[in-house]
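K.L.:
One-letter residues, chain by chain:
2 protein chains.
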Amino acid sequence: MSTTQTGVNSPLFADVIRGRRSVRHYDKSVRLSHEQITELLKEATLAPSSSNIQPWRFLVIEKEELKEKLQPIAFNQSQVTEAAAVIVVLGDTEGYKRADQIYGEAAERGYMTEETAKSFAERTVSMYGSLPKEVLHKIIHTDGGIVSQQLMLVARAHGYDTVPMGGYDAAQLKAAFNISDRYIPIMLIALGKAAKPGHPTTRLPIEDITFFNEMPADK
Amino acid sequence: MSTTQTGVNSPLFADVIRGRRSVRHYDKSVRLSHEQITELLKEATLAPSSSNIQPWRFLVIEKEELKEKLQPIAFNQSQVTEAAAVIVVLGDTEGYKRADQIYGEAAERGYMTEETAKSFAERTVSMYGSLPKEVLHKIIHTDGGIVSQQLMLVARAHGYDTVPMGGYDAAQLKAAFNISDRYIPIMLIALGKAAKPGHPTTRLPIEDITFFNEMPADK
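Protein chains in written order, with this note's numbering: chain A, 1 to 219; chain B, 1 to 219.
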C-alpha cells in the first residue's frame, strides 16, 4: 500500500491486475458494511459507458436467508452463501431516460453549457429509444462487462476477492428477487475475503488473438 | 510510479482508475511499437471470461492509410487518425472451440488433471455450441466489455490514453477490413498519447443505482 496524491491508500496497479483471481472459497466470518460495499461500487462506476448513460444497476444480496434463496438458482455454487455478498449486476433497459439528469448535472458543474446538455439529452433519448431491442441489449451487456471488471479490480485493490458467475437461472433469479423485465441480469459477482486462493488459469498466446492491420487469411 | 514485488514499474491503482478519462485529442507524433501494443493487450487479457474461453480478438489498426479508411466508417471522429492506433475489439463466435487448447495448457501446467481438462473441454464445446445465438452473443459482448475496460486501465497505467467508441457503422467496418461473420465488433478503442486532457464527466448518485437485498418498490 502506498499513498496517492489525494491521500488514499492504494496498492500498485500491476499488483491488482496480477493478483485478481476468481475466488470460490470465502471466509464466512467476514462481512462488509453497506458503506464499504457502496464505496466499492462508487469506484467501479468511474468506468466509462456508451454515451455516459451508465445503464448498470446493482442488487446487493447480503442477508443470509436471501443468499440461501439464491444458491439453488445459481446451481448450488458454494460461494453464494460463503461470500459476504453476491452482487447482481443488472442492465437497465430504460437507463437512457436518465440522460437529462446525467447531462444536466454536467452542465451544473460547468463541464458543458446548458444548451449542449439539453441537446445531448434530447438526442440520446431519441437515439437509444429508437434502437432495435437487440442492439440496445448488446450495448447494455458491453457496459455491464465494463463496470463488472472495474468492480472486480476495485474489490481486489481493497483487499477483497470476487468471482464472476454466469451460471444461474435468469428467469428464476428475476422471479425470486422481483426483478422486472425492465432489467437484464448481466452476471452475479460474489464478493468477500478469500479463505483459499483462487486457482491459476491460463491465457491464449497473445499472438494467436492479435492481428495487426489485417485479419488473418484463413479467418 | 513505484516498483512491485516482481520489479515492474507501476502507478497506484487509485490513480489509474481516477486518472482514466475518455481522451479525444492525441499527439500525432507519438506511435507505439507492436511490442508495446502487444504488452498492453497481454495485460488486458489477464481479465476473466465466461468459462475462461477468452472470446476476445484484437484487430489493431495503426497504418496511416488504414486509419484514414476507418475514419469515415467511425463517423469522422478525429481521434481515429490522431491516435497511435485504433483497436477493434472483436468477439469470436467460435472462440469456445479453443477449449481444448485452453484447458489442455492448464493441465500441462499442472493446474488441473488431464482428465478434468478433457471433460471441461468436452462440456464447454457441447454447451456453448448448443446455446441460442442470442445468448452466445450476450456472453461475448459481456466478455468484450470486461477485456476492454481492463485494456483502458492498462493503457493509462502505462502512460497512454484511450477512448471507447460505439459510434461506427459495423457493416462497413466488417466489409472494409475483411472481418467475417464469425466475428462480432464490440467496440473501437483509440489508443495514444493525449494532446489535450479528457473532459470530466459526471456519475449518477450511487444510492440511486444500488439496491440492498430487494429491488425498489416502484421499479
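None of these hints come from the bench; they were simulated from the model.
Among these hints, one or two may not hold up.
Pulled a few chain A residues facing chain B out of the computed Cβ check, cut under 10 Å [unchecked claim]:
no. : residue
1   : Ile17
2   : Thr81
3   : Tyr111
4   : Thr113
5   : Ile179
6   : Arg203
Covered stretches of chain A (in silico footprint by chain B; criterion: 3 or more residues with CB under 8 Å from a CB of chain B, positions within the stretch not fixed) [said to hold, decoys possible]:
no. : region
7   : 22-32
8   : 48-57
9   : 141-147
10  : 206-212
For glycine and all other residues, C-beta sits at the position ideal for the given N, C-alpha and C.
K.L.:
Next step is simple, just say for each hint if it's right about the structure.
P.N.:
These are the hints, each one checked on the structure:
{"no.": "1", "hint": "Ile17", "verdict": "holds (5 Å)"}
{"no.": "2", "hint": "Thr81", "verdict": "violated (15 Å)"}
{"no.": "3", "hint": "Tyr111", "verdict": "holds (6 Å)"}
{"no.": "4", "hint": "Thr113", "verdict": "violated (12 Å)"}
{"no.": "5", "hint": "Ile179", "verdict": "holds (6 Å)"}
{"no.": "6", "hint": "Arg203", "verdict": "holds (5 Å)"}
{"no.": "7", "hint": "22-32", "verdict": "violated (count 1)"}
{"no.": "8", "hint": "48-57", "verdict": "holds (count 7)"}
{"no.": "9", "hint": "141-147", "verdict": "holds (count 7)"}
{"no.": "10", "hint": "206-212", "verdict": "holds (count 6)"}
In summary, the structure is inconsistent with hints 2, 4, 7 from the numbered list given earlier, while agreeing with the others.
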